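Please arrange chain B on chain A, whose structure you already have, making use of the hints.
Those protein sequence lines, which keep their order, are chains A and B. Residues in the first sequence are numbered from 1 upward in steps of one, following the numbering used here. Residues in the second sequence are numbered from 348 upward in steps of one, following the numbering used here.
Everything labelled a hint here was simulated from the structure, so no lab data went into it. This structure is a prediction, so every number in the text was calculated from the model and none was measured. Be aware that one or more of the hints could be misleading.
In silico BS3-like links for lysine-lysine, alpha-carbon gap of 25 Å or less [claimed, not checked]:
1. A:190 - B:459
2. B:512 - A:232
3. A:336 - B:466
4. B:512 - A:344
5. B:466 - A:190
6. A:85 - B:512
7. A:119 - B:459
8. B:652 - B:682
9. B:682 - A:340
10. A:232 - A:21
11. A:190 - B:682
12. B:512 - A:340
13. A:336 - B:376
14. A:223 - B:512
Not close to chain A: a few residues of chain B, all C-beta gaps over 10 Å, as computed [to be verified]:
15. 552
16. 700
17. 710
Where is the CB? At the ideal position from N, CA and C, for every residue including glycine.
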Amino acid sequence: MFISGIGIVFTRGRGIDSFEKALKEGWREPSAGELVPAYRVDQETLTDASLSKKIRRADRFSKMAVLSAVDAYRDSGITVNERNKIGIILATAFGPHSTTFSFIDDILDYGDASVSPTKFSNSVHNAAASYVSSILESRGPTITLTHFKFAFQNALILADSWISEGRCDHVLCGCTEELGTVMEYACNMKLNIAKDGKINPFAFSDSPVSVPGEGSVFIMLSKEKGGNNYGKVAEVSFSQNIAGNPDLFVIDADGMNGDETGYKEIINHGAAIAGYSPLFGSIPTGSAFNFAAAALMLKNQIAYNCVFQDNPFVVKLGVLTSKKDLNEIYCIKICKPEIKTIVKLKK
Amino acid sequence: MKAVISGTGIISAAGFNLEQNLGSLKVGKRNAGPVSVFSTILPYPVFEVKSLPGISGKEEMRTRSLTFAALKEALENAGLQAPLTGFRAGVCLGTTVASQLNDISFYTEFRKSGSADLKPVDLFLKGNLAESVACSLNASGPAITVVNACSSGTDAIGMALSWLKSGLCDIAIAGGADELNRVPLCGFGSLGILSGSLCAPFDKNRAGLNLGEGAGILILEREDFYIKRGGKPSLYLSGYGSYADAYHLTAPRPDGTGLESAIRKALSDAGVLPEDVCFVNAHGTGTLDNDRVEGAVLERIFGSKIKFLSTKGYTGHTLGGAGGIEAVYTAAALKEGWIPANAGFECRDNEIPITPVTENTGIKGSFALSTSLAFGGNNSAIVIEKRR
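Here chain A stands alone, though its shape is the one from the complex (with noise of 0.2 Å):
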């Protein structure tokens, strides 16, 4: 399947060009917080007039899936006239975490009987999807899936299902996370946050440090070329070794799933080896900003820098960005013990 469009909301702004522009630019301090710095999304990136009416009543994770969303859609440059043919899959390892306590809120001041139905109804974890489907008016399957580790790639295989069996010509396919009070308590309690805002993946520690962070990224896959052409997923698959000779790994290391010794595999397989999660932040869906700076990579022949470079294993990192040639991106989830995950992208 081919990758035709990306929509993206993060830490530093809306669309393929502030994330372009991150690429670019390379890392910037988190914002602080009470408890823990983190990468949050300022609540002017997610307002837009053209779309206000139609998520009055959305919350902030709505919101971020609306906008990433509708981005991809609109980069992709495709118009699709038959609105059962475009299928809607957003992964997410959390969902709507704060309006569940929002709504936890109500009933604890006001009553079981006294409590807000939209914040319930917003609560649900596929209210964000149903806001694209209506919004975008696609009528294809539309579902939402959860897992803590690998809900994008799961996402990824079935999109590809969907596209295969002919369900659909196109599918948005994306993750949403947000980062909300209790969230961040749990992050700090939980993770071993690094207090210097500073992301190290190339460690490879077994208890590497993490800096939260918050977004979404939706991607256009489509059956055919066409739109804007990030290049093609050749391959999503599970717990397979390491083989071929890619151009590039992207590694989804960010401290978010503790012990990261599994990425020193791919050291000694020749390839480069890079990673964008210090500009992001640490999300469990975090793949898919990876995936975004691959395909993004892949269609502008170009490998943006590593934005840490602290290479304890002397890793043979992109430590420049610059114009190279570039057919195949590996993108590698590890999770110890054994689980890995490998997508492989084609330009």
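Same frame as chain A, now just chain B:
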């Protein structure tokens, strides 16, 4: 490639296993009453699973316990033993409650002091339904939890069918589960769609739904794989369709075109015509909108003589579990050749052009359909086939 249903497992307020469930349906037993698993001032009756062995307070997420109870029966029924080491097995399960960290005690403590004991968070992090089942079975294939509100279970089954067809796995554990929880009870109450009495799907005087809890699991296998391991197929999962309304967050599209597309897609996926379907296990929640739209669509596709029912009068609406539970019932009915009376139905609604079965009814035929409609405007349907 055909997908065999090699095993089924179920737990609901109607019973701890398939035999007990069918027994309740046969005699019209409706085990509803006040909720006891949490405190609330809301007076709505619920369908609760009482005295489930293995559930001990907060040491285990209730949805997981329900899931494992149904899973055990399904695996035994399929002649499989955990762990599934060495098999290419995937896990695709639907839920709503188990996907949310909605522990009110935890949040109350956090709200008061800005900190709280993290045990509920740990429990939640261990409780992603598909991940935890895959881990417990040592299943090496894909694993994902579907959170598509009330169609989650049906969509999970449809997704598992895609995995089998594409060769991603040989065995797929699919279905759904959900527990009774105060948060959705308050939420559905706020929407004004809970009934103060026992639900009456498709009845003129229906006043809303009753919440329930439970789990329904199918063991699906690629036919060649199943035969190779000595199985004799008797039931198949033959088709799946899903379409969105693109209309409203909580109300179905009034013209029902999303549901109609989903049903027609499931039928074409199975290679059958509407007249081949011998009964429909409808979503039939007992709300005004759902039943009106669904009834009209069923009549439009299948005609006025179609035999159909909702089983929610026996289980309540088990949300993410409903699609799994109803798939198990549909498979069992095809196999046994009868469907139960649509519990709660007394008076025909003139706005609904068809009438559900009002007594236990014999069925003859090889294909049946099960539908799910959900918040967010999702509509899904599966076709189950009995080997001729």
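Structure-based check of all given hints:
Pair hint residue 190 of chain A plus residue 459 of chain B holds up; C-alpha atoms about 20 Å apart against a cutoff of 25 Å. Restraint check for residue 512 of chain B and residue 232 of chain A: the C-alpha separation of about 22 Å stays at or below 25 Å, so the hint holds. Note on residue 336 of chain A and residue 466 of chain B: the hinted pairing holds, with a Cα-Cα distance of about 22 Å set against a maximum of 25 Å. Distance check on the hinted pair: residue 512 of chain B and residue 344 of chain A sit about 22 Å apart at the alpha-carbon level, within 25 Å; holds.
Between residue 466 of chain B and residue 190 of chain A the alpha-carbon distance is near 11 Å, which keeps this suggested pair within the 25 Å criterion. Distance check on the hinted pair: residue 85 of chain A and residue 512 of chain B sit about 20 Å apart at the alpha-carbon level, within 25 Å; holds. Annotation: proposed proximity of residue 119 of chain A to residue 459 of chain B holds, straight-line Cα distance about 22 Å (limit 25 Å). Between residue 652 of chain B and residue 682 of chain B, the direct Cα distance comes to roughly 21 Å. Compliance with the 25 Å bound is thereby established for this hinted pair.
The suggested pairing of residue 682 of chain B with residue 340 of chain A is violated, with an alpha-carbon distance near 41 Å, which exceeds 25 Å. Between residue 232 of chain A and residue 21 of chain A the alpha-carbon distance is near 23 Å, which keeps this suggested pair within the 25 Å criterion. Our distance criterion of 25 Å between C-alpha atoms is broken by residue 190 of chain A and residue 682 of chain B, whose separation comes to about 50 Å. Proposed proximity of residue 512 of chain B and residue 340 of chain A is supported: the alpha carbons are some 23 Å apart, at most 25 Å.
A C-alpha spacing of about 49 Å is found between residue 336 of chain A and residue 376 of chain B, which places the hinted pair above 25 Å, so the restraint is violated. In summary, the hint linking residue 223 of chain A to residue 512 of chain B is supported, as the alpha carbons are separated by about 18 Å, within the 25 Å threshold. Distance to chain A confirms residue 552 of chain B as a non-interface residue, since its nearest Cβ pair spans about 23 Å, more than 10 Å. For residue 700 of chain B, the non-interface assignment is confirmed: its Cβ lies about 24 Å from the closest Cβ of chain A, beyond the 10 Å cut-off.
At the 10 Å boundary, the C-beta of residue 710 of chain B stays outside the reach of chain A, the nearest C-beta of that chain being 29 Å off.
Comparing the model with each earlier hint shows violations of hints 9, 11, 13; every other hint is respected.
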